[in-house]
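Visitor: This note's numbering numbers the first residue of the sequence shown as 1 and each following residue consecutively.
No wet-lab data here; the hints were simulated from the structure.
The structure presented is a predicted model; accordingly, all values stated were derived computationally and were not measured.
Note that CB positions come from ideal geometry on N, CA and C, so glycine has one too.
Among these hints, one or two may not hold up.
What follows is a set of in silico ranges between Cβ atoms, one per label pair, in the way DEER data are often shown [as the list claims (entries may be wrong)]:
#  : residue 1 : residue 2 : range
1  : D64       : S449      : 31 to 41 angstroms
2  : L223      : F117      : 33 to 43 angstroms
3  : T29       : G388      : 51 to 61 angstroms
4  : F464      : L304      : 32 to 42 angstroms
5  : N70       : E280      : 19 to 29 angstroms
6  : E445      : G388      : 56 to 66 angstroms
7  : L21       : A517      : 31 to 41 angstroms
8  : L17       : L315      : 32 to 42 angstroms
9  : E444      : A517      : 35 to 45 angstroms
10 : F464      : L17       : 56 to 66 angstroms
11 : F464      : P102      : 42 to 52 angstroms
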Amino acid sequence: MTFFAIVNSEQSNATQLVTVLIILLLVATGVALVSRRLRIPYVTGLVVAGLAITELLPRKIGLDSALILNLFLPILLFEAAINTDISRLRSTIKPVAVLAGPGVVIASGVTATLLKFGLGLPWVSALLVGIILAITDTVSVIAVFKEVTVPARLITIVEGESLFNDGIALVLFSLILKVNTTASLTVADGIRELLVVILGGGLVGLALGYLGVGLYARSDDSLSNILLTVAIALGTFQLSQFFGMSGVVAVVVAGLVVGNLERSQTVSASSRITVLSFWEYAGFGVNTFIFLLIGIEINLETLLRTLPAVLLAVLAYQVGRFLSVYPLLAIVKRVDRNLPLRWQHVLFLGNIKGSLSMALALSLPSTLPNREALIALVFGTVLVSLVGQGVSLPWLVRRLDLAPTSEAQQWIESLQSQLITAKAAQDELDTLLKTGVLSKSVYEEMRASYQVRIAAAERSLRDFYNRRPDSLTVASGRIARLDAIRRRLLLAEKDALNDALRKRVLSEDVVRSRVQAIDQQLLDLADD
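Given these sequences and hints, build the entire structure.
Guide: This is how it looks when you write it as C-alpha coordinates:
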(Lines of atoms letter the chains of each structure in order from A; the text may use other names.)
(Lines give C-alpha, C1' and ligand atoms only; values in the text may rest on other atoms or scores of the structure.)
Protein backbone atom coordinates (compact mmCIF):
# COMPACT_ATOMS: atom_id res chain seq x y z
CA MET A 1 0.00 0.00 0.00
CA THR A 2 1.41 3.40 -0.97
CA PHE A 3 1.85 6.34 1.37
CA PHE A 4 -1.11 8.21 -0.19
CA ALA A 5 -3.36 5.16 0.15
CA ILE A 6 -2.48 4.91 3.83
CA VAL A 7 -3.20 8.61 4.36
CA ASN A 8 -6.54 8.33 2.54
CA SER A 9 -7.47 5.29 4.65
CA GLU A 10 -6.67 7.14 7.87
CA GLN A 11 -8.67 10.18 6.72
CA SER A 12 -11.60 7.91 5.89
CA ASN A 13 -11.48 6.33 9.37
CA ALA A 14 -11.27 9.76 10.99
CA THR A 15 -14.24 10.99 8.95
CA GLN A 16 -16.28 7.98 9.95
CA LEU A 17 -15.37 8.48 13.61
CA VAL A 18 -16.44 12.14 13.51
CA THR A 19 -19.70 11.11 11.82
CA VAL A 20 -20.33 8.55 14.58
CA LEU A 21 -19.66 11.16 17.28
CA ILE A 22 -22.09 13.61 15.64
CA ILE A 23 -24.78 10.91 15.48
CA LEU A 24 -24.23 10.02 19.14
CA LEU A 25 -24.43 13.66 20.22
CA LEU A 26 -27.68 14.18 18.30
CA VAL A 27 -29.13 10.96 19.73
CA ALA A 28 -28.14 11.99 23.26
CA THR A 29 -29.82 15.38 22.79
CA GLY A 30 -33.00 13.70 21.55
CA VAL A 31 -32.94 11.23 24.46
CA ALA A 32 -32.59 14.08 26.95
CA LEU A 33 -35.70 15.78 25.56
CA VAL A 34 -37.78 12.60 25.30
CA SER A 35 -36.77 11.21 28.71
CA ARG A 36 -37.73 14.46 30.41
CA ARG A 37 -41.13 14.43 28.73
CA LEU A 38 -41.76 10.75 29.50
CA ARG A 39 -40.27 11.11 33.01
CA ILE A 40 -37.86 8.18 32.62
CA PRO A 41 -34.20 8.18 33.74
CA TYR A 42 -31.87 9.71 31.18
CA VAL A 43 -29.36 6.83 31.35
CA THR A 44 -32.06 4.24 30.72
CA GLY A 45 -33.15 6.16 27.65
CA LEU A 46 -29.54 6.25 26.43
CA VAL A 47 -29.18 2.47 26.67
CA VAL A 48 -32.45 1.86 24.80
CA ALA A 49 -31.42 4.40 22.14
CA GLY A 50 -28.07 2.64 21.76
CA LEU A 51 -29.88 -0.62 21.07
CA ALA A 52 -31.96 1.11 18.39
CA ILE A 53 -29.21 2.94 16.46
CA THR A 54 -26.65 0.13 16.16
CA GLU A 55 -27.41 -0.49 12.49
CA LEU A 56 -27.43 3.22 11.62
CA LEU A 57 -23.78 3.86 12.44
CA PRO A 58 -21.27 3.99 9.54
CA ARG A 59 -18.72 1.96 11.52
CA LYS A 60 -18.80 -0.46 14.42
CA ILE A 61 -17.72 0.97 17.76
CA GLY A 62 -17.87 -0.54 21.17
CA LEU A 63 -16.71 -0.39 24.75
CA ASP A 64 -12.97 -0.59 25.36
CA SER A 65 -12.25 -1.82 28.90
CA ALA A 66 -8.82 -0.12 28.96
CA LEU A 67 -10.36 3.22 27.94
CA ILE A 68 -13.08 2.97 30.60
CA LEU A 69 -10.75 1.91 33.40
CA ASN A 70 -7.90 4.35 32.62
CA LEU A 71 -9.78 7.43 31.39
CA PHE A 72 -13.53 7.36 32.01
CA LEU A 73 -13.40 5.83 35.52
CA PRO A 74 -10.93 8.39 36.99
CA ILE A 75 -13.02 11.23 35.52
CA LEU A 76 -16.26 9.89 37.04
CA LEU A 77 -14.66 9.19 40.42
CA PHE A 78 -12.92 12.57 40.66
CA GLU A 79 -16.07 14.41 39.60
CA ALA A 80 -18.06 12.69 42.36
CA ALA A 81 -15.35 13.18 44.99
CA ILE A 82 -14.64 16.85 44.28
CA ASN A 83 -18.33 17.63 44.88
CA THR A 84 -18.58 15.59 48.11
CA ASP A 85 -18.69 17.48 51.40
CA ILE A 86 -16.40 15.68 53.86
CA SER A 87 -18.33 17.04 56.86
CA ARG A 88 -21.50 15.34 55.62
CA LEU A 89 -19.58 12.21 54.64
CA ARG A 90 -18.17 11.98 58.17
CA SER A 91 -21.68 11.99 59.62
CA THR A 92 -22.59 8.95 57.49
CA ILE A 93 -19.25 7.12 57.61
CA LYS A 94 -20.56 4.11 59.58
CA PRO A 95 -23.33 3.02 57.16
CA VAL A 96 -21.11 3.91 54.18
CA ALA A 97 -18.18 1.87 55.52
CA VAL A 98 -20.39 -1.13 56.28
CA LEU A 99 -22.10 -1.11 52.87
CA ALA A 100 -18.90 -0.52 50.89
CA GLY A 101 -16.78 -2.97 52.92
CA PRO A 102 -18.51 -6.04 54.38
CA GLY A 103 -21.52 -5.31 52.18
CA VAL A 104 -19.53 -5.82 48.98
CA VAL A 105 -17.95 -9.02 50.32
CA ILE A 106 -21.32 -10.49 51.36
CA ALA A 107 -23.06 -9.48 48.12
CA SER A 108 -20.23 -10.92 46.02
CA GLY A 109 -20.11 -14.18 47.99
CA VAL A 110 -23.87 -14.76 47.94
CA THR A 111 -24.15 -13.93 44.22
CA ALA A 112 -21.17 -16.17 43.37
CA THR A 113 -22.60 -19.08 45.38
CA LEU A 114 -26.00 -18.88 43.67
CA LEU A 115 -24.36 -18.65 40.23
CA LYS A 116 -22.04 -21.54 41.05
CA PHE A 117 -24.87 -23.94 41.87
CA GLY A 118 -27.51 -22.39 39.62
CA LEU A 119 -25.46 -22.24 36.41
CA GLY A 120 -22.71 -24.75 37.23
CA LEU A 121 -19.91 -22.18 36.88
CA PRO A 122 -16.40 -22.88 38.20
CA TRP A 123 -15.70 -21.14 41.51
CA VAL A 124 -13.24 -18.64 40.04
CA SER A 125 -15.66 -17.60 37.28
CA ALA A 126 -18.57 -17.42 39.73
CA LEU A 127 -16.55 -15.24 42.15
CA LEU A 128 -15.43 -12.88 39.38
CA VAL A 129 -19.00 -12.45 38.12
CA GLY A 130 -20.23 -12.07 41.71
CA ILE A 131 -17.80 -9.19 42.29
CA ILE A 132 -18.71 -7.60 38.96
CA LEU A 133 -22.41 -7.68 39.87
CA ALA A 134 -21.79 -6.37 43.40
CA ILE A 135 -20.75 -2.99 41.95
CA THR A 136 -23.49 -0.36 42.04
CA ASP A 137 -23.78 2.41 39.47
CA THR A 138 -24.97 5.51 41.28
CA VAL A 139 -25.55 7.66 38.18
CA SER A 140 -29.08 6.35 37.66
CA VAL A 141 -29.98 6.66 41.35
CA ILE A 142 -28.69 10.24 41.66
CA ALA A 143 -30.56 11.12 38.46
CA VAL A 144 -33.75 9.99 40.19
CA PHE A 145 -32.88 12.02 43.30
CA LYS A 146 -32.62 15.14 41.14
CA GLU A 147 -36.25 14.66 40.06
CA VAL A 148 -37.70 13.60 43.43
CA THR A 149 -36.95 15.30 46.75
CA VAL A 150 -35.13 12.97 49.13
CA PRO A 151 -33.32 13.58 52.45
CA ALA A 152 -29.82 14.96 52.12
CA ARG A 153 -28.42 12.25 54.38
CA LEU A 154 -29.71 9.48 52.12
CA ILE A 155 -28.07 11.13 49.10
CA THR A 156 -24.77 11.33 51.01
CA ILE A 157 -24.97 7.63 51.92
CA VAL A 158 -25.65 6.62 48.31
CA GLU A 159 -22.83 8.80 46.96
CA GLY A 160 -20.43 7.74 49.70
CA GLU A 161 -21.10 4.05 49.19
CA SER A 162 -20.58 4.42 45.45
CA LEU A 163 -17.24 6.19 45.96
CA PHE A 164 -15.75 3.38 48.03
CA ASN A 165 -17.76 0.45 46.65
CA ASP A 166 -15.88 0.61 43.34
CA GLY A 167 -12.48 0.59 45.04
CA ILE A 168 -13.19 -2.44 47.25
CA ALA A 169 -14.73 -4.36 44.34
CA LEU A 170 -11.78 -3.66 42.02
CA VAL A 171 -9.27 -4.77 44.67
CA LEU A 172 -11.22 -8.01 45.25
CA PHE A 173 -11.40 -8.54 41.49
CA SER A 174 -7.62 -8.22 41.20
CA LEU A 175 -7.07 -10.61 44.11
CA ILE A 176 -9.29 -13.30 42.56
CA LEU A 177 -7.43 -12.95 39.24
CA LYS A 178 -4.13 -13.29 41.11
CA VAL A 179 -5.36 -16.43 42.85
CA ASN A 180 -6.44 -17.82 39.49
CA THR A 181 -3.00 -17.09 38.02
CA THR A 182 -0.70 -18.15 40.88
CA ALA A 183 -2.94 -20.54 42.86
CA SER A 184 -0.66 -19.82 45.83
CA LEU A 185 -2.27 -16.88 47.65
CA THR A 186 -3.25 -17.68 51.25
CA VAL A 187 -6.03 -15.95 53.16
CA ALA A 188 -3.52 -14.07 55.33
CA ASP A 189 -1.59 -12.96 52.25
CA GLY A 190 -4.81 -11.86 50.59
CA ILE A 191 -5.88 -9.75 53.58
CA ARG A 192 -2.39 -8.24 53.86
CA GLU A 193 -2.33 -7.36 50.16
CA LEU A 194 -5.85 -5.94 50.39
CA LEU A 195 -4.81 -3.58 53.20
CA VAL A 196 -1.57 -2.57 51.49
CA VAL A 197 -3.33 -1.80 48.20
CA ILE A 198 -6.08 0.24 49.85
CA LEU A 199 -3.87 2.12 52.35
CA GLY A 200 -1.21 2.70 49.71
CA GLY A 201 -3.77 4.14 47.32
CA GLY A 202 -5.08 6.40 50.08
CA LEU A 203 -1.58 7.73 50.83
CA VAL A 204 -0.89 8.42 47.14
CA GLY A 205 -4.22 10.24 46.89
CA LEU A 206 -3.48 12.32 49.99
CA ALA A 207 -0.02 13.30 48.77
CA LEU A 208 -1.10 14.34 45.27
CA GLY A 209 -4.28 15.94 46.58
CA TYR A 210 -2.38 18.20 49.00
CA LEU A 211 0.19 18.99 46.32
CA GLY A 212 -2.61 19.88 43.91
CA VAL A 213 -4.30 22.17 46.45
CA GLY A 214 -1.02 24.01 46.98
CA LEU A 215 -0.63 24.62 43.25
CA TYR A 216 -4.35 25.41 42.92
CA ALA A 217 -4.14 28.18 45.50
CA ARG A 218 -1.18 29.82 43.71
CA SER A 219 -3.11 30.27 40.47
CA ASP A 220 -6.34 32.16 40.05
CA ASP A 221 -6.58 31.30 36.36
CA SER A 222 -9.65 29.12 35.78
CA LEU A 223 -8.32 27.36 32.69
CA SER A 224 -5.00 26.51 34.36
CA ASN A 225 -6.84 25.12 37.38
CA ILE A 226 -8.99 22.95 35.13
CA LEU A 227 -5.87 21.47 33.52
CA LEU A 228 -4.36 20.97 36.98
CA THR A 229 -7.37 19.05 38.32
CA VAL A 230 -7.48 16.86 35.19
CA ALA A 231 -3.78 16.08 35.66
CA ILE A 232 -4.41 15.22 39.34
CA ALA A 233 -7.31 12.90 38.49
CA LEU A 234 -5.57 10.98 35.71
CA GLY A 235 -2.06 11.16 37.19
CA THR A 236 -3.16 9.88 40.61
CA PHE A 237 -4.81 6.86 39.02
CA GLN A 238 -1.85 5.99 36.81
CA LEU A 239 0.75 6.51 39.54
CA SER A 240 -1.14 4.29 41.98
CA GLN A 241 -1.58 1.58 39.37
CA PHE A 242 2.14 1.77 38.53
CA PHE A 243 3.06 1.09 42.17
CA GLY A 244 0.47 -1.70 42.47
CA MET A 245 -1.90 0.35 44.65
CA SER A 246 -5.62 0.98 44.23
CA GLY A 247 -6.06 3.72 41.64
CA VAL A 248 -9.75 4.04 42.52
CA VAL A 249 -9.07 4.73 46.22
CA ALA A 250 -6.29 7.17 45.30
CA VAL A 251 -8.51 9.19 42.93
CA VAL A 252 -11.36 9.31 45.46
CA VAL A 253 -9.05 10.53 48.25
CA ALA A 254 -7.39 13.11 45.96
CA GLY A 255 -10.78 14.39 44.83
CA LEU A 256 -12.02 14.72 48.42
CA VAL A 257 -8.86 16.63 49.41
CA VAL A 258 -9.01 19.01 46.43
CA GLY A 259 -12.76 19.56 46.67
CA ASN A 260 -12.77 20.38 50.37
CA LEU A 261 -9.41 22.05 51.04
CA GLU A 262 -9.54 24.43 48.09
CA ARG A 263 -12.55 26.11 49.70
CA SER A 264 -10.28 27.32 52.50
CA GLN A 265 -7.77 28.79 50.04
CA THR A 266 -7.82 32.26 48.56
CA VAL A 267 -9.38 31.17 45.29
CA SER A 268 -11.97 33.43 43.69
CA ALA A 269 -15.56 32.26 43.46
CA SER A 270 -15.54 32.61 39.67
CA SER A 271 -12.52 30.32 39.33
CA ARG A 272 -14.03 27.74 41.67
CA ILE A 273 -17.36 27.74 39.81
CA THR A 274 -15.62 27.39 36.45
CA VAL A 275 -13.66 24.35 37.64
CA LEU A 276 -16.70 22.67 39.20
CA SER A 277 -18.79 23.40 36.10
CA PHE A 278 -16.14 21.80 33.93
CA TRP A 279 -16.17 18.64 36.03
CA GLU A 280 -19.96 18.52 36.02
CA TYR A 281 -19.92 18.69 32.22
CA ALA A 282 -17.09 16.12 32.01
CA GLY A 283 -18.99 13.67 34.19
CA PHE A 284 -22.19 14.19 32.24
CA GLY A 285 -20.44 13.77 28.88
CA VAL A 286 -18.58 10.62 29.91
CA ASN A 287 -21.76 9.03 31.28
CA THR A 288 -23.64 9.95 28.11
CA PHE A 289 -21.17 8.18 25.83
CA ILE A 290 -20.76 5.19 28.16
CA PHE A 291 -24.46 4.41 28.40
CA LEU A 292 -24.98 4.91 24.67
CA LEU A 293 -22.10 2.51 24.01
CA ILE A 294 -23.60 0.00 26.45
CA GLY A 295 -26.73 -0.12 24.30
CA ILE A 296 -24.67 -0.37 21.11
CA GLU A 297 -22.49 -3.14 22.55
CA ILE A 298 -25.35 -5.44 23.59
CA ASN A 299 -26.48 -8.01 21.01
CA LEU A 300 -30.20 -8.69 21.33
CA GLU A 301 -29.96 -12.16 19.77
CA THR A 302 -27.33 -13.19 22.31
CA LEU A 303 -29.42 -11.65 25.08
CA LEU A 304 -32.47 -13.72 24.11
CA ARG A 305 -30.40 -16.92 24.10
CA THR A 306 -28.97 -16.21 27.55
CA LEU A 307 -32.17 -14.72 29.04
CA PRO A 308 -32.82 -17.54 31.58
CA ALA A 309 -29.25 -17.27 32.87
CA VAL A 310 -29.52 -13.46 32.94
CA LEU A 311 -32.72 -13.58 35.00
CA LEU A 312 -31.05 -15.99 37.44
CA ALA A 313 -28.09 -13.59 37.72
CA VAL A 314 -30.47 -10.68 38.43
CA LEU A 315 -32.16 -12.74 41.16
CA ALA A 316 -28.76 -13.74 42.56
CA TYR A 317 -27.39 -10.22 42.92
CA GLN A 318 -30.68 -9.00 44.38
CA VAL A 319 -30.50 -11.71 47.05
CA GLY A 320 -26.89 -10.74 47.73
CA ARG A 321 -27.83 -7.07 47.99
CA PHE A 322 -30.76 -7.89 50.31
CA LEU A 323 -28.47 -9.78 52.70
CA SER A 324 -25.87 -7.00 52.61
CA VAL A 325 -28.29 -4.13 53.28
CA TYR A 326 -30.97 -5.05 55.83
CA PRO A 327 -28.94 -7.23 58.28
CA LEU A 328 -25.86 -4.98 58.21
CA LEU A 329 -27.85 -1.76 58.70
CA ALA A 330 -29.72 -3.45 61.57
CA ILE A 331 -26.32 -3.88 63.23
CA VAL A 332 -25.24 -0.32 62.40
CA LYS A 333 -28.23 1.18 64.22
CA ARG A 334 -26.74 -0.09 67.50
CA VAL A 335 -23.84 2.35 67.15
CA ASP A 336 -25.29 5.03 64.88
CA ARG A 337 -28.57 6.74 64.05
CA ASN A 338 -31.11 4.30 62.69
CA LEU A 339 -31.82 4.49 58.96
CA PRO A 340 -35.57 4.42 58.29
CA LEU A 341 -36.81 1.25 56.62
CA ARG A 342 -37.95 3.27 53.59
CA TRP A 343 -34.38 4.47 53.07
CA GLN A 344 -33.18 0.87 53.21
CA HIS A 345 -35.68 -0.04 50.49
CA VAL A 346 -34.10 2.58 48.23
CA LEU A 347 -30.59 1.32 49.00
CA PHE A 348 -31.72 -2.24 48.21
CA LEU A 349 -33.56 -1.55 44.95
CA GLY A 350 -31.18 1.22 43.83
CA ASN A 351 -28.28 -1.16 43.15
CA ILE A 352 -28.42 -0.59 39.41
CA LYS A 353 -25.55 -1.99 37.34
CA GLY A 354 -23.65 0.10 34.80
CA SER A 355 -20.49 0.79 32.86
CA LEU A 356 -17.89 -0.42 35.37
CA SER A 357 -19.50 -3.87 35.50
CA MET A 358 -19.26 -4.11 31.70
CA ALA A 359 -15.68 -2.83 31.66
CA LEU A 360 -14.60 -5.47 34.17
CA ALA A 361 -16.39 -8.15 32.15
CA LEU A 362 -14.45 -7.10 29.04
CA SER A 363 -11.20 -7.19 31.02
CA LEU A 364 -11.62 -10.87 31.97
CA PRO A 365 -8.50 -12.80 30.87
CA SER A 366 -8.73 -14.70 27.59
CA THR A 367 -7.57 -17.88 29.37
CA LEU A 368 -10.67 -17.93 31.58
CA PRO A 369 -13.02 -20.79 30.62
CA ASN A 370 -16.26 -19.67 28.88
CA ARG A 371 -15.10 -16.04 28.84
CA GLU A 372 -17.49 -15.01 26.03
CA ALA A 373 -20.46 -16.60 27.82
CA LEU A 374 -19.58 -14.73 31.03
CA ILE A 375 -19.36 -11.42 29.14
CA ALA A 376 -22.76 -12.05 27.53
CA LEU A 377 -24.19 -12.89 30.98
CA VAL A 378 -22.90 -9.65 32.50
CA PHE A 379 -24.01 -7.53 29.53
CA GLY A 380 -27.52 -8.98 29.65
CA THR A 381 -27.74 -8.46 33.40
CA VAL A 382 -26.65 -4.83 33.06
CA LEU A 383 -29.28 -4.20 30.39
CA VAL A 384 -32.09 -5.78 32.45
CA SER A 385 -30.95 -3.80 35.50
CA LEU A 386 -30.77 -0.46 33.69
CA VAL A 387 -34.15 -0.84 32.02
CA GLY A 388 -36.06 -2.71 34.75
CA GLN A 389 -34.75 -1.02 37.89
CA GLY A 390 -34.05 2.24 36.11
CA VAL A 391 -37.69 2.69 35.09
CA SER A 392 -39.23 1.40 38.33
CA LEU A 393 -36.99 3.29 40.79
CA PRO A 394 -38.50 6.78 40.25
CA TRP A 395 -41.98 5.35 40.82
CA LEU A 396 -40.79 3.60 43.99
CA VAL A 397 -39.10 6.72 45.39
CA ARG A 398 -42.23 8.79 44.78
CA ARG A 399 -44.43 6.17 46.46
CA LEU A 400 -42.17 6.02 49.51
CA ASP A 401 -42.52 9.79 49.97
CA LEU A 402 -39.12 10.03 51.60
CA ALA A 403 -39.03 13.77 52.23
CA PRO A 404 -42.44 15.47 52.13
CA THR A 405 -41.89 19.21 51.80
CA SER A 406 -44.41 21.64 53.22
CA GLU A 407 -45.02 25.16 51.95
CA ALA A 408 -43.42 26.48 55.13
CA GLN A 409 -40.22 24.53 54.48
CA GLN A 410 -40.08 25.80 50.90
CA TRP A 411 -40.54 29.36 52.14
CA ILE A 412 -37.76 28.93 54.72
CA GLU A 413 -35.39 27.52 52.10
CA SER A 414 -36.12 30.42 49.75
CA LEU A 415 -35.14 32.87 52.51
CA GLN A 416 -32.03 30.84 53.30
CA SER A 417 -31.08 30.89 49.63
CA GLN A 418 -31.28 34.70 49.75
CA LEU A 419 -28.96 34.75 52.77
CA ILE A 420 -26.48 32.32 51.24
CA THR A 421 -26.25 34.12 47.90
CA ALA A 422 -26.14 37.62 49.35
CA LYS A 423 -23.42 36.76 51.86
CA ALA A 424 -21.40 34.95 49.21
CA ALA A 425 -21.62 38.07 47.04
CA GLN A 426 -20.45 40.22 49.95
CA ASP A 427 -17.45 37.94 50.49
CA GLU A 428 -16.55 38.31 46.83
CA LEU A 429 -16.91 42.10 47.11
CA ASP A 430 -14.48 42.06 50.06
CA THR A 431 -11.97 40.18 47.92
CA LEU A 432 -12.37 42.63 45.04
CA LEU A 433 -11.84 45.58 47.40
CA LYS A 434 -8.69 44.06 48.91
CA THR A 435 -7.19 43.39 45.49
CA GLY A 436 -7.92 46.93 44.30
CA VAL A 437 -10.43 46.00 41.60
CA LEU A 438 -13.19 48.10 43.21
CA SER A 439 -13.01 51.58 44.65
CA LYS A 440 -14.21 52.13 48.23
CA SER A 441 -17.30 54.12 47.17
CA VAL A 442 -18.49 51.52 44.64
CA TYR A 443 -17.79 48.75 47.15
CA GLU A 444 -19.88 50.38 49.88
CA GLU A 445 -22.79 51.07 47.52
CA MET A 446 -22.92 47.49 46.21
CA ARG A 447 -22.40 45.95 49.64
CA ALA A 448 -25.23 48.02 51.08
CA SER A 449 -27.66 46.72 48.46
CA TYR A 450 -26.83 43.14 49.47
CA GLN A 451 -27.08 44.07 53.16
CA VAL A 452 -30.69 45.18 52.62
CA ARG A 453 -31.55 41.73 51.23
CA ILE A 454 -29.77 40.02 54.13
CA ALA A 455 -31.57 42.11 56.74
CA ALA A 456 -34.99 41.44 55.18
CA ALA A 457 -34.40 37.68 55.01
CA GLU A 458 -33.05 37.53 58.58
CA ARG A 459 -36.00 39.53 59.90
CA SER A 460 -38.49 37.20 58.20
CA LEU A 461 -36.71 34.10 59.53
CA ARG A 462 -36.52 35.55 63.05
CA ASP A 463 -40.24 36.33 63.04
CA PHE A 464 -41.04 32.85 61.80
CA TYR A 465 -38.97 31.06 64.45
CA ASN A 466 -40.31 33.28 67.25
CA ARG A 467 -44.02 32.86 66.55
CA ARG A 468 -45.96 29.77 67.58
CA PRO A 469 -46.48 27.14 64.84
CA ASP A 470 -50.02 27.17 63.56
CA SER A 471 -50.00 23.53 62.44
CA LEU A 472 -48.21 20.26 63.11
CA THR A 473 -46.79 20.29 59.56
CA VAL A 474 -45.15 23.66 60.06
CA ALA A 475 -43.82 22.59 63.45
CA SER A 476 -42.27 19.38 62.14
CA GLY A 477 -40.78 21.20 59.17
CA ARG A 478 -39.27 23.83 61.43
CA ILE A 479 -37.87 21.23 63.83
CA ALA A 480 -36.30 19.27 60.97
CA ARG A 481 -34.69 22.43 59.59
CA LEU A 482 -33.36 23.44 63.02
CA ASP A 483 -32.03 19.91 63.58
CA ALA A 484 -30.07 20.15 60.33
CA ILE A 485 -28.59 23.46 61.47
CA ARG A 486 -27.83 22.11 64.96
CA ARG A 487 -26.07 19.12 63.40
CA ARG A 488 -23.77 21.36 61.36
CA LEU A 489 -22.98 23.44 64.47
CA LEU A 490 -22.21 20.33 66.53
CA LEU A 491 -19.91 19.02 63.78
CA ALA A 492 -18.14 22.40 63.77
CA GLU A 493 -17.68 22.17 67.57
CA LYS A 494 -16.28 18.64 67.24
CA ASP A 495 -13.88 19.71 64.51
CA ALA A 496 -12.64 22.63 66.64
CA LEU A 497 -12.02 20.29 69.61
CA ASN A 498 -10.03 17.85 67.48
CA ASP A 499 -8.00 20.72 66.06
CA ALA A 500 -7.27 21.99 69.61
CA LEU A 501 -6.14 18.48 70.58
CA ARG A 502 -3.79 18.26 67.60
CA LYS A 503 -2.26 21.61 68.56
CA ARG A 504 -1.90 20.50 72.23
CA VAL A 505 -4.10 23.37 73.40
CA LEU A 506 -6.44 21.00 75.29
CA SER A 507 -5.71 17.71 77.04
CA GLU A 508 -6.95 14.43 75.61
CA ASP A 509 -9.19 13.65 78.62
CA VAL A 510 -11.08 16.93 78.32
CA VAL A 511 -11.48 16.59 74.56
CA ARG A 512 -12.60 12.95 74.79
CA SER A 513 -15.37 13.69 77.30
CA ARG A 514 -16.60 16.70 75.35
CA VAL A 515 -16.53 14.80 72.04
CA GLN A 516 -18.55 11.97 73.61
CA ALA A 517 -21.16 14.49 74.74
CA ILE A 518 -21.35 15.99 71.23
CA ASP A 519 -21.64 12.53 69.68
CA GLN A 520 -24.57 11.77 71.97
CA GLN A 521 -26.25 15.01 70.94
CA LEU A 522 -25.77 14.07 67.28
CA LEU A 523 -27.33 10.66 67.88
CA ASP A 524 -30.31 12.27 69.63
CA LEU A 525 -31.09 14.53 66.69
CA ALA A 526 -33.77 13.35 64.27
CA ASP A 527 -32.65 12.31 60.75
CA ASP A 528 -32.64 15.30 58.41
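Visitor: If you check the beta carbons of L17 and L315, does the distance land in 32 to 42 angstroms?
Guide: 40 angstroms, holds
Visitor: Starting from the range 51 to 61 angstroms, see whether the pair T29 and G388 falls in it by beta-carbon distance.
Guide: 25 angstroms, violated
Visitor: 56 to 66 angstroms was suggested as the range; check whether the CB atoms of F464 and L17 agree with it.
Guide: 58 angstroms, holds
Visitor: For the hint 42 to 52 angstroms, verify it against the beta carbon of F464 and that of P102.
Guide: 44 angstroms Cβ-Cβ, so the 42 to 52 angstroms window holds.
Visitor: At the C-beta level, are L21 and A517 separated by a distance inside 31 to 41 angstroms?
Guide: 58 angstroms, violated
Visitor: Using the C-beta atoms of E444 and A517, is the stated range 35 to 45 angstroms upheld?
Guide: Given a distance of about 44 angstroms, which is inside 35 to 45 angstroms, the answer is holds.
Visitor: Cβ-Cβ distance between F464 and L304: within 32 to 42 angstroms?
Guide: Given about 60 angstroms between the Cβ atoms, the range is violated.
Visitor: State, for the Cβ atoms of L223 and F117, whether the hinted interval 33 to 43 angstroms holds or is violated.
Guide: At roughly 56 angstroms between Cβ atoms, F117 and L223 fall outside 33 to 43 angstroms, so the hint is violated.
Visitor: For D64 and S449, compare the CB-CB distance with the range 31 to 41 angstroms and indicate the outcome.
Guide: With a Cβ separation near 54 angstroms, D64 and S449 fall outside 31 to 41 angstroms, so the hint is violated.
Visitor: Given a hinted range of 56 to 66 angstroms, is it respected by the beta-carbon distance of E445 and G388?
Guide: For G388 against E445, whose Cβ atoms are near 59 angstroms apart, the range 56 to 66 angstroms holds.
Visitor: Assuming the hint says 19 to 29 angstroms, is it satisfied by the Cβ distance from N70 to E280 or not?
Guide: For E280 against N70, whose Cβ atoms are near 22 angstroms apart, the range 19 to 29 angstroms holds.
In summary, the numbered hints that this structure violates are 1, 2, 3, 4 and 7.
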